[in-house]
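Undergrad: These protein sequence lines map, in sequence, to chains P and L.
Okay, so the first sequence: first residue is 1 according to my numbering, each after it adds one.
Okay, so the second sequence: first residue is 1 according to my numbering, each after it adds one.
If you're looking for bench data, these hints aren't it; they were derived computationally from the structure.
It is possible that some hints are incorrect.
Per the computed footprint, the stretches of chain L lying under chain P, defined by three or more beta-carbons under 8 Å from a beta-carbon of chain P, are [said to hold, decoys possible]:
{"#": "1", "segment": "327-337"}
{"#": "2", "segment": "350-359"}
{"#": "3", "segment": "366-379"}
Owing to the predicted nature of the structure, the values given are computational and were not obtained by experimental measurement.
Even for Gly, the Cβ is constructed at its ideal location relative to N, Cα and C.
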Amino acid sequence: MISKFLRGNIALSVLAVLVSFVVGGILIALSDPTVQSSASYFTARPTDLLSAIWNAVFGAYDALFRGSVFNYQAATTTGMFKPITETLAFATPITMAGLGLAVAFRSGLFNIGGTGQIIFGAIFAGWVGINLDLPWILHFPLAVLAGVFGGALFGSIVGLLKATTGANEVIVTIMFNYIAALLLSYFLKTPFLQAPHNINPISKPILASAKYPAFLGPNFRLHAGVFAMLAAVALVWWLLNRSTLGFQFRALGHNPSAARVAGINIGLNYVLVMAVSGALAGLAGTSQILGTEGSLTTGVAASFGFDAITVALLGRNNPFGVLAAGILFGGLRAGAVTMQASQGVPIDIVFIVQSMIVLFIAAPPLVRSIFRIRAKVEAA
Amino acid sequence: MKLELRGITKRFGALAANDNVSLVAEAGQIHCLLGENGAGKSTLMNVLYGLYQADSGQILLDDKPVKFSGPGDAMAAGIGMVHQHFMLIPVFTVAENVVLGHEPVKFGGVLDIAAARKKVREISDRFGFDVDPDAIVGELPVGVQQRVEIIKALITDAKVLVFDEPTAVLTPQETDELMAIMRQLRDSGRAIVFITHKLREVKEVADKITVMRLGKVVGEAKPSDTAEAMASMMVGRAVDLEVRKTPAKPGAAGLEVSGLNVWNHEGQQVLNDVSFQIHAGEILVIAGVQGNGQTELTEAILGTQTKHHGSIKLSGHELLGKTVKQVLDAGVGFVPEDRTEDGLVADFTIAENLMLDRSDRAPFAKRGVLQLDFLAKFAAEKVAQYDVRAQGIQAKASQLSGGNQQKVVLARELSRELKLLVASQPTRGLDVGSIEFVHEQIVAARDSGIPVLIVATELDEATQLGDRIAVMYQGKIMGIVPPDTDRTVLGKMMAGLSA
Ligand SMILES: Nc1ncnc2c1ncn2[C@@H]1O[C@H](COP(=O)(O)OP(=O)(O)O)[C@@H](O)[C@H]1O
Ligand SMILES: [Mg+2]
């Protein structure tokens, strides 16, 4: 059932995105005050309405473009190119976590615990980043490794539970999201992570020696994590297509009983799949805590854990597809702010577009199965 | 109505699935279309039914050329089709299923289900189908579901009825009933096209036989021809329906099963004190009606049964309690009963399926890295050696016919260094040519000097292949007998009466 849901093709993904933007455009037009007022005298001067709609929709999507790709209105060159760096800054954690989920989905495990695994990665990386005093060359890799390890650990517990007790990974990962979030807020209220003399749930700042290099300078949020993201894309592709581990993961995803009969250790592979999946989500956590954020707060995972599910689906669980989808989502995130600021279009429109994408990706199997029933009836 | 297909050619890419195929089916005749899996029979019928458009050729009904752009056209012209996989909606009743797509409506667009039920009952009575219009289709036995399909075709008043491998899913008794139905339909003046690769059925009902091979019509056969002659036409070379093997030269005891008890997940005992030995160079067939513990026995050997007691020794080493991997590494080749479920990963390529059991070791992998060059070479070699018919080693397993899928499984299992071969219903659902091939491989494995365990549910296969036959009934071995034991004796043992 899940595997059917997860299968699709490029055309489907592209169509889902296009249709969602059209629906988004309609909503923008409907919620625009000028459109609403000119609609009241539509029969008298129909062109007013049409130009109002055009202005609203074009204006909004133009702002989205300026906020996410290239700001041709900016005064400085830096300002012009800043939007694309913002897009990439958002895309980095989303893509990393999306890759993790894609690995799990390909292996037949519906891991929706991205949020929890990101948080665990951030806690581990954050603790190392705050508390150790080492030169960058040691401290940074150690902090990243700690984050990756944290995510892997949290993920593999889920795999272990599934392997030993048969627990459903969907339910377990949902519960683990809560556990991770609550644990984080507990840590941030106790001396384990909370900054001394502070009443807010916030940690001490991450030491500079543990951070991803801000290779574009302090004016940009984009950091070297983007290269880690690209490396992760290549690594996941290699893992799935060129390694024994990935081969066994895919065998498990397509046909667990044939895998078992061929001597593949199913239980062990559940643990390994979830460890790899969690490790990538943990990496996303490091990108947040060692890159974008200055210190650990309860909002460290933002909505990236859930965006990652959509991104994995939209990218058809293919590493390069996930990268493309991740950048699209990063762009939506980055552009939404400009859209709201310059056009007064509510930021929720972007969330609606994102949700529509999920809906349209999820719906085609449904639609297709309806059509197949029709075809059968005709055939008989 | 007379159906004529004239010079039909249908290509899928480079492959000519139908190459200038001609065929005439007369009213009041059963016309058998005989051919191995992949011969192009279904493709031809799908062209007739408007599901595919022919690249060239003509369809004539009563000598008038017709063109179908879809199944709707074909149905309207009087062509009915009973597919191998039923096109029924399980939660609907028989009547609802039968009228789907052309629902009779009362005034105001209300579905006239009463009219539908009446029609179903009429047809059912006329042909003695014994189908209740109000039964839920999903709850009916397969044989009855098939009759619902036939009613669907008859309700649109089909004059030409096509049955695509209808017996593949039926029990022997249901098969006999279906043949009786086909005869009745023929006698009512319809033209019947009956697609199959089972020779016994052809000899029983056919009025006329057309044989196809590799997309071409290779000739006609008469029902009075011998099964061997027909099989040779299908396969394109002389075939031997007998299993050819020299007398076994049993060596030392290879596999020793003693006092084996197995319980399933519900805690029921499925194997009860099973003991037997298989010598090196000997085939032991476990015969019996399906579901009497044979599956569990093979699974216990493989290591996928968890609650057990007793011992399974291969060359003196205990297998019981070992993991699947350990058992395979001990030299056990395993051909599972359900090849699509347990034998292959449908979405994997032939090449990938060939390394399913060894993706973690040299020469298929080095330090966790797949050696794809080696795999390509290995797969090409195996595909040639086992004559797997496919578009190439990158073809997905799901695209292969049953026979070719089984060849992939065999190629994989027999390419390891074996000390024991276990094969469960190795020829189930295969065509003649493939059956012969599989039997040859099994005998060859025996002659290489290893013990072979075969599970067979068909008595013919058991007696031909086995050097000794162990009959199982309700988890017990009823007795171990030589293969020339009288069939009635074997039948009694299968029914639980001791010999
Ligand atoms: N839709 C298709 N696309 C490509 N190849 C096909 C398709 N349908 C059938 N074939 C190929 O055409 C050949 C004939 O298939 P088919 O007509 O199903 O054989 P049969 O019914 O005699 O077993 C096979 O080699 C099969 O793989
Ligand atoms: Mg067919």
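Undergrad: According to a criterion of three or more residues whose C-beta lies within less than 8 Å of a C-beta of chain P, is the segment 350-359 of chain L covered?
TA: holds (count 5)
Undergrad: Do three or more residues from the segment 327-337 of chain L put their C-beta atoms closer than 8 Å to C-beta atoms of chain P?
TA: Answer holds; 5 residues pass the 8 Å Cβ test.
Undergrad: At a Cβ distance under 8 Å, does chain P reach at least three residues of the segment 366-379 of chain L?
TA: Result for this restraint: holds, n = 4.
The structure is consistent with each of the numbered hints, conforming to all of them.
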